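*Asks:* Read off the chains here:
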Amino acid sequence: MSTPESDPTPEEHESETDFDPAGVFEDPTEMDLRPGADSCYKCSTCDTSCPVAEVDDDFPGPKFQGPEQWRLKQGDDQDIDPSITDCSNCMRCDNACPSSVPLSQMHNTARGEYVEGQAPSLWNAEDSLAEGEYREALTYLRDVPSEVSIEFLRNRVLSNYGTLAGLGSKVPRLANLVMGNRITSWANDRFFGIPSERDFPEFADRTFREWWRERGGPKVEREDKRVAYFHGDYSNYNTPEVAKAMVRVYEHFGYEIRVPTQRCSGTPMFANGMLRDARRAAAVNITNLSEFVDRGYDVIASCTSCSMALRQEYPELFDFEGTREVSIHTYEALEYLRIHEDLEEELGESKADFPDLAYHAPCHARNQGLDRQAIELFGELDSVAVEDVGDSCSGISGTYGWKSEKYEKSMEIGGEMFEHMKDAQGETGLTECPTCAMQMGHGTGYDIRHPLEVLEAALVD
Amino acid sequence: MSVHTSSGTESDTEVVVIGGGSTGCGIARDLAMRGVEVTLVEKGNLTHGTTGRMHGLLHSGARYAVSDQESARECITETRVLEDIASHCVEETGGLFVQLEEDDDAYYEEKLQGCRDCDIPAEELTAEQAREVEPYLTNEAQRAIRVPDGAIDPFRLCVANAADTERHGGRIETHAPVTDLLVEDGEVVGVEIQHESGPGKRVHGKEGETEEIRAEYVVNATGAWAGRIGEMAGLDIEVRPSKGVMVVMNVRQVDTVINRCKPKGDADIVVPHETTCILGTTDEEVSDPEEYPEEQWEVDLMIDELSKLVPLLEDARTIRSYWGVRPLYEPPDTGTTDPTDISRQFFLLDHADRDGVAGMTSIVGGKLTTYRLMAEEISNHVCEQLGVEGECTTAEEPLPGSEDFSVLRDYMEEFGLRSPIGKRSVQRLGSKAEEVLKTGERNPVVCTCEAVTSAELRDAISHAGTDLNATRIRTRASMGNCQGGFCCHRMAAELSPAYDERVVRDSLDELYQERFKGQRHALWGEQLSQAMLNHALHATTMNRDRDPARKEEPGIEYGAFDAGPSPGVSGDGSTRATADGGVRSDGGTPDSGAGRSGKSAKKREGEHGDQ
Ligand SMILES: Cc1cc2nc3c(=O)[nH]c(=O)nc-3n(C[C@H](O)[C@H](O)[C@H](O)COP(=O)(O)OP(=O)(O)OC[C@H]3O[C@@H](n4cnc5c(N)ncnc54)[C@H](O)[C@@H]3O)c2cc1C
Ligand code: SF4
Ligand code: SF4
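Those sequence lines, one after another, are chains A and B.
Sequential numbering of the first sequence, starting at 54, is according to this note's numbering.
Sequential numbering of the second sequence, starting at 3, is according to this note's numbering.
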């Protein structure tokens, strides 16, 4: 398993393991991860760290999902247990395992295999459609029971959020109106399995990319400090203020910023077993980002799940040219600044006017060793109190909490965090992850901000 | 019929079969199905001898296609039979004979031709095609021949044969060694056995007794031990035991049997077996079938040589190693020096013709794949002696568990089990799955490595008594990567409340011991971590590290700890080799197991920091 350290040299990275399944198998759903079970000595640490197992007695937990299930596989039998779809892909288990069992890789691959096995006709139908074979597509669709196809479609839509958001943001006001509509949300719950309790995130009037284009791109050009920004779908369509904060802060420190053409990082697709979609998106991202990496840019993401996907999941699942290089050169936005700039010094002098904050570290930040960065950093900021609300999971895990059948569990997992947020002094939330932010807002009614916004307020006038 | 006398019990039967390996179990079933009254006696549990320590290859015959075409033809015929009658013991994996660059072209051609001569389907694959079949095969492979090799579980096979014997009125006595042959007027008329814990199912702590079984005919199917039985009637049977090592890997790196395509040699085959792969083997003559050295270099040789075929094996986790002895037989005056040259054929020795002692026939040699055919020939011979007219039907009648069944089911709906658990359970239980798994009760998984549920264990216990090793070989519980660390005690708990605490503890200790023994030659890297974790858990929760000084009996040999292995005998930690951990009688010290330490140091550094 390769969780990139903050700054591994390429050679270090290469020699880390000889076992590179992504290099042996062409398609991630065919990958044979049984050898990964060799490292498991069954200590069950992973099970004790799984937030879903804690609230769901029917969920067998990561040890079963990962090393046990893989070890029991024979040949190419397709007996992935359906419970794999109950895993939220928070990846806490991956981080907890003391023996480096590639749990998240096992879960992602198994889920991909399961979904592929459940709905091969749907994928085939899509392929036929793409080739213009409408009649063939119809015959494929005829074999699929409607419950399967609806859940599949729902998961597909949720995991391809960018496509939906792209449409929505063309007509943001209308989309917000429709999505916020009571009847729509009742219908969503009833027919589509999206809980009516959830409010769809609002689309911004102007996407980040539109803003960036109108602004005329980068204001700073430099050879020695240059980053390529991976904004992800959410800060493009829904919270462009985070992306803009990133631009302002980085330019403040004199970085040249480029915004490569990109697609969704794939996080929601992994979580829903849509490996075909993830593969297509990853191909675009790696091709484009590696061009920048080759020219000396580092890749920066403002979403911790996006940086996680580029750093860990891509090399675990794909073998496109440049995958490893992109992985090695990707950083989370705050992390990168902390490595290269003296933030403490500047923050110490700042008298930023910002509300007090209750900070939640996203699970995926934890996997990258970033769960303490905001607390440590903003400790320097005397004018703003920032409190850590503890190490529980928010419970939304991207698309998990967006499914009717998971809603209650999602809220139960989040319970501890909600309680601690309420106990904290600040009445504004802070986190790096957009879906954690939704859950935090949903459970407490607080306004939720991103660390880059705090930095912007403190450092940029 | 049995009668109690002051010195023990007496009983009589038509035929006594000595030896509960594949040969003995096969003969007992065959005779019972022909209506003969038969009693099988075995000194350990079933498969205690060579059968429980073999490689698990169901030979297509391709391995013998150049050197011994008669055996090859028998193999392919019998393989087809077993795929049918023993389907729940067989996995039709297919096999490859892989040629590497340094391997001889001419031999490859001979192999291909040999297979065709013996009607063994053989298909030529290019290197790429072979790697499509097995992605982890070395990219140094030149080409390969695909043959219908398979994998067979010797434990389930013997258990099913024994169960069917009982179903046909036969009697099976395990833990009942033959201590003497009853000879009257130069004729064998029965056997004397020593029940370890009384007749019937084994129960720890139950008092032993002797029994004399008088029989019209005795079959000596004790394999490598045949000479020992012969001696009891003053007969000389020249079995030349030859040992072979096998190394069990934690996972299946391959799903096909991988053979190296070259003339006979050590370490040339990997067999996928259940959840594991087994590497093998060697062929080296030993003087005693029980007391022979188990050496670390033999294990190292397997890994080093077979990594050439499947490079992933080099650093893969090994969970245990074991040794078996082939019961090779050589007719007097053949004088072969290399054991690999001794025929793999079997020999039927009628002691009336051969030595003038009537009433007994010994059977030696052969292989597991052809056990049924051997049993048929012996049974024909025995029936001739007894004047019984029964026809052999073992090639057509499926074994219990292999009657019509399908593994494709909705496991959750039918049995309330998660798919991989349901699937493995049904593969093991075959047609007995419904009866065993549909209990209507809560059915938790007890052994998570091998996916064995409480219901399956309880069923096994109902046949095996308190002998948890006999339950283990029926179910595979405790045979996975934790080697019982997490499940031995849970298995033992299934014995309660039918058996009381003392008995349960003794059974647990015996199983745990047996599990540890086989790991001694795999203690580096991950399996060492596992063993340490197991030890810590058992020490802290079950007091297994109880203060040795406080133990009254027997005293501790401190010298064995402090002095280390004595010079000159390093590596030769000869211990009794038994498959079921039968009570240790030699008080021998465990091997130092120092081999591969260079490797373990490297691993520790790479994977666990300085912990
Ligand atoms: C290393 C190795 C690998 C092999 N691999 C394969 C393979 O892959 N495929 C294959 O087809 N064959 C293989 N064989 C051959 C096969 O294992 C044997 O031919 C077969 O198991 C022999 O069975 P058996 O019943 O004749 O002997 P055993 O299994 O040895 O049975 C004899 C039984 O007699 C019992 N016994 C001994 N003394 C007494 C006594 N006094 N009273 C009561 N019982 C007694 C023993 O406990 C034992 O259980 C292999 C053999 C070896 C050694
Ligand atoms: S990824 Fe999260 S939800 Fe899934 S098994 Fe691991 S800890 Fe549990
Ligand atoms: S934490 Fe790691 S080693 Fe422990 S049971 Fe889970 S996967 Fe296995």
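Since the hints were derived computationally from the structure, they do not count as laboratory data.
Everything numeric in this text was worked out from a predicted model, so none of it was measured.
Take these hints with a grain of salt, some might be off.
Quick partial rundown of chain B residues pointing at chain A, CB under 7 Å, derived from the structure [unchecked claim]:
#	residue
1	N252
2	R420
3	E528
4	R546
Cβ atoms here follow ideal geometry from the backbone N, Cα and C, with glycine treated the same way.
*Asks:* Next, verify each hint and record whether it holds.
*Replies:* Hint-by-hint comparison with the structure:
no., hint, in the structure
1, N252, "holds (5 Å)"
2, R420, "holds (4 Å)"
3, E528, "holds (6 Å)"
4, R546, "violated (18 Å)"
Hint 4 alone, counting from the list given before, is not met by this structure.
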